[in-house]
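Chemist: In order, the protein sequences belong to chains A and B.
Numbering-wise (the numbering used here), the first sequence opens with residue 6 and increments by one.
Numbering-wise (the numbering used here), the second sequence opens with residue 54 and increments by one.
What the hints contain is simulated information worked out from the structure, not anything from laboratory work.
Certain hints may be false.
[Unchecked claim] Reference listing, derived: stretches of chain A covered by chain B, where coverage requires no fewer than 3 residues with Cβ under 8 angstroms from a Cβ of chain B:
1) 151-159
2) 175-181
3) 278-292
[Stated by the list, open to error] Listed below are several chain B residues computed to face chain A (Cβ distance under 10 angstroms; list not exhaustive):
4) V75
5) A76
6) R79
7) I80
8) V82
9) Q85
10) L88
11) E271
12) L273
13) P277
14) I279
15) F377
16) N398
17) P406
18) S412
19) A421
Every residue, glycine too, gets a C-beta built ideally from N, C-alpha and C.
Listed here are the chains, written in short residue letters.
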Amino acid sequence: MLAYLVRRLILAVLTVWAVSVLSFTVIQLPPGDYITSYIAQMSASGSFVSEQEANALRHQYGLDQPQYIRYIRWMGMVLHGNYGMALEYGRPVGEVIGDRLWLTMVVSVAAIIFTWFVALPIGIYSAVRQYSLGDYVATFVGFIGLAIPSFMLALILMYLGFTFFDLNIGGLFSDELAEAPWSLAKIWDLTKHLPLPALILGFAGTAQLVRIMRANLLDELSKPYVVTGRARGLAESRLILKYPVRVALNPFASTIGYLLPYVVSGSIIVSLVLSLPTVGPLLLKALVAQDMFLAGTIVLMLGTMTVIGTFISDLLLMWIDPRIRFEGRK
Amino acid sequence: MSPPTAPIAPELHDEPAPVVSVAEERISVATQWQLMWWRFKKHRLAMASTAVVLFFYLIVIFADFLAYSNPLASEAQRSLLPPQRIHWFDDGRFAPYVFGLTGVRDPMTFKRVYTPDPSKKISVRFFVRGFEYQFLWVIPMNLHLVGVEGTTPEESLFLIGTDEQGRDLWSRLMYGTRTSLSIGLVGVAMSLILGVLLGGISGLYGGVLDTVIQRVIEILRSIPTIPLWMGLAAALPNDWSVTQIYFAITIIISLIGWTELARVVRGRFLSLRQEDFVMAAELAGCGQMRIIFTHLVPSFLSHIIAATTLAIPAMIISETSLSFLGLGLRPPAISWGVLLQQAQNIQALAISPWLLIPSIPVTIVILAFNFMGDGLRDAADPYGH
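Next up, chain A with everything else stripped away, as it sits in the complex:
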C-alpha cells in the first residue's frame, strides 16, 4: 500500500514539475518579453521609458539571465504566492484570477459527480437488461454524447433553451448575486445554476463510463459466484448490487484520473460559450492579448489542481480496492 502511495505521489510531483516547465514555456514563447510589453503599454498611456530604464528593469526582473535561472526565479516567485502582474488589468495576477479558479474546479467536480450518478445506474441497467430497448437507447445516446464536442452541445442547448423556453441558460449566478460577496444565498444560487454546465461537460464522459460499467458488469455477471448466490435464493437486487457491482466499480474510480483533465479542458471552451465566470474566458483573453504571466499562471494552476484531483482519486481507488490496499502484505 505504501509503495503504491509513494509511487503515485512521485508521479504527481513529476507531473506538477512538467506542468510548470510547460507553463513557463508558454510564458516565454511570444517574441519580446515582459518589459517590451510594459514599454508598449507605458508609451500607449503617454509616458516614455528610456533604454537605460528598460535595461534596469530587465536586470531587476532577471530577464538578462539565462532561461533556466529565469525559470527558477519564476518558480520562486510562484511558491511565494507572487504570480506577477496582469498587464491588461494593471493588478496582480492572483487578484485577477480570484474566485475563478475555484469556480472552475466546482464546475469540473460537479460534472464528474453528475457523470457518476448518471453512468452508474444506466450502466447497471444496460448490463442486467442486455439487448433490451433501454440498453439500445442508452448505447445510442452514449454514442451521440461521444460524437458531439461539448462546446457544440452547449451551443445547441443554448439555442433550444432560447427558442423554446425563452431562457438564457448561461452564467453561474443570477444577475443580482453575481457581484455580491459569498453568502448562503449565493451558494444556493450557484447550486441551482450548476446542473446544466455539469450536464454539458459530463455528457461525453458519461457515455464512456456507461460503456465501461456495462462491459465490466457483464463480465462479472457470468461468473460462478453470481450463479451460486442466485442458487442460494439471494434476492436479485441484493445479489447484483452487493457483489458484482462492487467489483465492477473499481475501474470506475480509476477513470477519474483521466476524466478530470478531460473535463477541465472542456470547461475552458464551454465556459466561453455559456459565459461562466471560470478561468476559461480569462485565459482566452490573456492569450489573445499576449498577457503571458496571467496565461502561464492559469495553465500552471489548472494543471496543478488537476494533478491534485487525480491524486485524490488514487486514494479513493485505494480505499475501494482491497487488492491495492493489501498489496505487499503477503
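Please build the complex by placing chain B on the supplied structure of chain A, with the hints as guidance.
Modeler: Then chain B, alone, in the frame of chain A:
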C-alpha cells in the same frame, strides 16, 4: 479445427460434405487481411459508417466542384440571409428555380429582412460554369455541380443562407469540410509516426527507456491539454501565412494524439515478443530489423489501423475547438471551427440559427469514424468473437 481425416475417394461422399470443407479450406488458407475483411463486412454499422466517411472524403476532393459561389466573395447587401426555399417543379415538370431576393433594413431592429420577389424567377441548373478553380490543385476548371441561369450564384443562390459578411454558407461548408478533414488525416499521420517510434522503442528495448517513455505518456495524459495547446497556438506569429498556420496547428494537435497510439504499439510489441514465431525467426538467424518489419509489424498493422481510425475524430474535434476559440486556423482559412465561430453567442444564434448548420457534418463524421474504428478494432482481432 477438426483433425484432418484420412482421404477417402470423393465419389463415395454425399454432395454437402465437400461444400463444407471448401468453406473451411477457404478460411484456413485466407490471409489475415481477408479474414479481417470478412469479419468487418459482417459489422453492418461499421460498413455503413465507412461509406459515410468515404462520401465525406469525396467532398474533400470535389469541394470546389460542389461549391457554387466563391467562398470568399463577401457582400454587405446580402448579410445573414436565411436558407433559401427551392421550388423544384415549374408547371408540373422538374425545373428547379428560386426567387430573386430584395433586402431592406428593418428600421426598428436594424436587421436586414429579405423578401422573395415572385416576378424574378431564377432557374437552377446542374453542371454549369462558374468561378475558376484548380481541380486537385493543378487542373484549371470552372465546372460546378449547380449554378444559376442569367446571373451569378453569388448574387442569387443561397441554399443554406449566408454569414455576417454575406458569404454563401454552403460553399464555405464545402471548403471547411476539406480543411477540417484533411487536418485530421495529416495530424493523425504525424501522431502515428511519433506513436510508432516511441511506442516501438518502449516495447522493444524495455528497461530505462521504457520507464521514461511510459512516465512521459502518463504525465501528458494527466494534464488538461486544451489550455496548454491554446497557449502554444496563441504564440504562433500573427504574420504567418494560412499554409504555415495550417501546418503549425496540425503539429500542435498531433501532439495530443500520439500517446494512445504509442500505448497500442508498445502493448503489441510486448505481447508479440514472447510468441513462438519470433523465437523461431531469431533461431533461424533473422536480423533485428527483419524480425520487426517482416514478422512483427504485419501482425499488428491491423490494430494500428484501427487505433489510428479511432484517433482521427479526436484530431477533428481539437482543430474545430481551437479554431472555434479563434486560436486555431484564422480567416481567410475556412474550417468547421472557423465557420462555427460565427455562431459563438446567443445573440447570433437567436437571429441566425442556420449558422449552426456546420455542427451537423461535424457530428456525423465523428460518429462515422467512431463506428468504423470500432468495427476495425473488432475485425483486427481474428481470435475474438
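Chemist: So, for every hint listed, does it hold in this structure?
Modeler: Going down the list of hints, with the structure as the test:
no.: 1; hint: 151-159; result: holds (count 6)
no.: 2; hint: 175-181; result: violated (count 1)
no.: 3; hint: 278-292; result: holds (count 4)
no.: 4; hint: V75; result: violated, 34 angstroms
no.: 5; hint: A76; result: violated, 29 angstroms
no.: 6; hint: R79; result: violated, 31 angstroms
no.: 7; hint: I80; result: violated, 28 angstroms
no.: 8; hint: V82; result: violated, 34 angstroms
no.: 9; hint: Q85; result: violated, 26 angstroms
no.: 10; hint: L88; result: violated, 24 angstroms
no.: 11; hint: E271; result: holds, 6 angstroms
no.: 12; hint: L273; result: holds, 8 angstroms
no.: 13; hint: P277; result: holds, 4 angstroms
no.: 14; hint: I279; result: holds, 4 angstroms
no.: 15; hint: F377; result: holds, 6 angstroms
no.: 16; hint: N398; result: holds, 8 angstroms
no.: 17; hint: P406; result: holds, 6 angstroms
no.: 18; hint: S412; result: holds, 5 angstroms
no.: 19; hint: A421; result: holds, 9 angstroms
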